[in-house]
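**Q** Below, each chain spelled out in residue letters.
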Amino acid sequence: MKILVALKQVPDTETKIKVAADGRSLDPIDVKWITNPYDENAMEEALRIKEAQGAEVVAVSVGGERTREMLRNALALGADSAVLIRALETGDPLSVARHLAAYAQGKGFDLLLLGHMGFGGDNGAVGPMLAELLGLAQATVVTRLELGEGCFRAEREAEGGTEVIEGSLPAVITTQRGLNEPRYPTLKGIIGAKKKPLEELEGTATEAAISISAIALPPARPEGRKLEGNAAAQAAALLQLLREEAKVI
Amino acid sequence: MQFELSEENKMIQKLARQVAETYIAPSVQERDEEERFDRALFDKVASYGFQGIHYQDQYGGSGGDYLSYIIATEEIARVDVSLCIAIGGGGLGGFPIHSYGTEEQKQKYLRPLVEGTALGGFALTEPGAGSDASAQQTTAVLEGDQWVINGSKCFISNYADIYLVIAVTDRSKGLKGLSCFIVEKDTPGFTMGKKEHKMGLRSAVTTEIILQDVRVPKANLLGKEGEAFKYCMQTLDVGRIGCAAQALGIAQAALEHSIKYAKERCQFGKPIAANQGVSFMLADMATKVEAARLLTYQAAWLKQNGRPYGKQAAMAKKFTTDIAMEVTTDAVQIFGGYGYSREYPVEKLMRDAKVHQIFEGTNQIQRIVIAGNLLK
Ligand SMILES: Cc1cc2nc3c(=O)[nH]c(=O)nc-3n(C[C@H](O)[C@H](O)[C@H](O)COP(=O)(O)OP(=O)(O)OC[C@H]3O[C@@H](n4cnc5c(N)ncnc54)[C@H](O)[C@@H]3O)c2cc1C
Numbered sequence: 001m002k003i004l005v006a007l008k009q010v011p012d013t014e015t016k017i018k019v020a021a022d023g024r025s026l027d028p029i030d031v032k033w034i035t036n037p038y039d040e041n042a043m044e045e046a047l048r049i050k051e052a053q054g055a056e057v058v059a060v061s062v063g064g065e066r067t068r069e070m071l072r073n074a075l076a077l078g079a080d081s082a083v084l085i086r087a088l089e090t091g092d093p094l095s096v097a098r099h100l101a102a103y104a105q106g107k108g109f110d111l112l113l114l115g116h117m118g119f120g121g122d123n124g125a126v127g128p129m130l131a132e133l134l135g136l137a138q139a140t141v142v143t144r145l146e147l148g149e150g151c152f153r154a155e156r157e158a159e160g161g162t163e164v165i166e167g168s169l170p171a172v173i174t175t176q177r178g179l180n181e182p183r184y185p186t187l188k189g190i191i192g193a194k195k196k197p198l199e200e201l202e203g204t205a206t207e208a209a210i211s212i213s214a215i216a217l218p219p220a221r222p223e224g225r226k227l228e229g230n231a232a233a234q235a236a237a238l239l240q241l242l243r244e245e246a247k248v249i
Numbered sequence: 001m002q003f004e005l006s007e008e009n010k011m012i013q014k015l016a017r018q019v020a021e022t023y024i025a026p027s028v029q030e031r032d033e034e035e036r037f038d039r040a041l042f043d044k045v046a047s048y049g050f051q052g053i054h055y056q057d058q059y060g061g062s063g064g065d066y067l068s069y070i071i072a073t074e075e076i077a078r079v080d081v082s083l084c085i086a087i088g089g090g091g092l093g094g095f096p097i098h099s100y101g102t103e104e105q106k107q108k109y110l111r112p113l114v115e116g117t118a119l120g121g122f123a124l125t126e127p128g129a130g131s132d133a134s135a136q137q138t139t140a141v142l143e144g145d146q147w148v149i150n151g152s153k154c155f156i157s158n159y160a161d162i163y164l165v166i167a168v169t170d171r172s173k174g175l176k177g178l179s180c181f182i183v184e185k186d187t188p189g190f191t192m193g194k195k196e197h198k199m200g201l202r203s204a205v206t207t208e209i210i211l212q213d214v215r216v217p218k219a220n221l222l223g224k225e226g227e228a229f230k231y232c233m234q235t236l237d238v239g240r241i242g243c244a245a246q247a248l249g250i251a252q253a254a255l256e257h258s259i260k261y262a263k264e265r266c267q268f269g270k271p272i273a274a275n276q277g278v279s280f281m282l283a284d285m286a287t288k289v290e291a292a293r294l295l296t297y298q299a300a301w302l303k304q305n306g307r308p309y310g311k312q313a314a315m316a317k318k319f320t321t322d323i324a325m326e327v328t329t330d331a332v333q334i335f336g337g338y339g340y341s342r343e344y345p346v347e348k349l350m351r352d353a354k355v356h357q358i359f360e361g362t363n364q365i366q367r368i369v370i371a372g373n374l375l376k
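Protein chains in written order, with my numbering: chain F, 1 to 249; chain R, 1 to 376.
Looking at chain F on its own, in the form it has when it is part of the complex:
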């Protein structure tokens, strides 16, 4: 069994987002980068499969220099090797999927695991695009995964119930929280990671299918208003405002 896990770095949810001067990207100052939380589920699933039945796990990311730190962490967690495909992070899912497909093509991966979407971007597109580019079966937003002889059975939450998807391997599976509880690395893992290979490849510049034209922060919340007077006066004023200003009643 050979498993590819695709990982992306995303801004920590606690980061205060600032728009860069170009108006189309994030200001990297003060941004703390973390592994996309959904990708952590993908990584964990790969490690569990490795522990249960043996597998070679390759962690792959498309990005720049800072991505190395995340890949080191993947090696510390238990990936056997890591690959950094150097490319500009343009926010174009198709270009990421093409890079991943070009890398995975012909390498004999039985399973390709990805988080179901990148935190923040929330496109949910790379996984399905990768499956299409490679012509593989896929199941997305998976909360339970079982592997059989050359086949898989996946569960995903559907409106009011659970959807079961069965297919043959190789396949692309995108993971959802709840699939598993991601682990922390151990000390041995961290120190052993230094000896594992972290390969770097030059990405082939593909033409972007989409580009981001502008990023804007949500408008600041208007300041609250304090109603004066006794309870009856406040209630009357509130009622009037709800009718005339907010127009909700």
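Treat the hints with care, as some may be off.
[Claimed, not checked] Residues of chain F clear of chain R, computed beta-carbon distances all greater than 10 Å:
1) N73
2) A101
3) E132
4) L133
5) A137
6) G148
7) N180
8) T206
9) A208
10) I210
11) L217
[What the hints assert, rightly or not] Here are the computed lysine to aspartate or glutamate pairs in the EDC-like style, where the Cα-Cα straight-line distance is at most 20 Å:
12) R:K263 to F:E14
13) F:K195 to R:E7
14) F:K194 to R:E7
15) F:K32 to R:E7
16) R:K10 to F:D12
17) F:K50 to F:E149
18) F:K195 to R:D38
19) F:K196 to R:D57
20) R:K14 to F:E14
21) F:K195 to R:D65
22) F:K188 to R:E115
23) F:K194 to F:D80
24) R:K10 to F:E149
Calculated directly from the structure, the hints in this document are not laboratory data. Computed from a prediction, not measured in an experiment: that's the story for all the values here. Even for Gly, the Cβ is constructed at its ideal location relative to N, Cα and C.
Based on these hints, arrange chain R with the ligand on the given structure of chain F.
**A** For chain R with the ligand alone, kept in the frame of chain F given last:
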């Protein structure tokens, strides 16, 4: 000069913080209140390998550097220093076995300490032998191929599985008449006496130990007969860096809590941090913590690079534990009445800080060590 942590140091720092916040933090207050050591929690934390970071693979360690161990200790202490006593027990027990033990002793006793499957204890202090560790009353006599140990120890950390016990083997030789023995807790005649009820460090165990005709095989003598005092002094030298790291973690926590609280708590219509009287306190606290960190990391760096570190370790221990006391006291001050309440975290930090000025050699003893280094 290099002031950057290695990538490995940083990863270990991050892991220690995550593990401390995920597993240790939720029960800190409760364990302190109940004076309860939680072995299962120790097992969980130990499963990541913190106690064995700097030991080689052949003894079950991770083969990391000593600074990583110190950084991890600081991070765990930032959340709950009591647990560091159990984690560090592997160090206090482990260091001498690693340094002076035979290969057989290392495989049998060091490995479980490093792997965290056993807890270590270091039994030096006696009712009459505190700062003057040489005034030992416990004796060990060779009978056939067994050593028979008699005596009692006090203030010994951890309900350990493997103890190093210091005893007199030849009183006529004074300091050169002390020897060190490896004793398993289940050995007949070995019992734990009274458990101390302490001001701080309440979820770490501190007990009396009574040794009554405790027989251990000849093979359990550590190193050479008559050399234990030297081993103890070297063990305490290392232990002092760990002690400093613990105090550093406590001081760091006090600083973080204080900054947060001073920004949130409003009096006279503004956050208390807006008063220079308070913000200057924060500035002083932060400066002390930073200086203590540099001294502590420097001592660790000297050790891991094979340089003499005794003086720096004593300086780091003395300085860091003193500033931890100051910083935690200031933290309680910044929290006002709430700081004095057990519902808020800073009074515990103040209680936990105090003992660091006392054990691993009191801070008066540290001054003796430092002065001795200056005047030799
Ligand atoms: C929570 C806790 C855990 C401990 N864990 C362990 C353990 O695991 N193993 C172990 O062996 N011990 C342990 N100890 C014991 C600890 O190391 C001793 O308490 C410490 O060495 C001081 O000894 P003492 O308490 O007898 O104080 P004393 O030696 O009686 O000192 C009393 C005071 O006199 C001062 N003083 C003494 N001599 C001098 C001098 N020459 N010049 C100036 N001042 C002096 C001291 O600094 C101190 O202020 C622990 C103690 C505590 C509180």
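**Q** So, against the hints stated earlier in the document, which numbers end up violated here?
**A** As far as the earlier hints go, 1, 18, 24 are violated by this structure, in ascending order.
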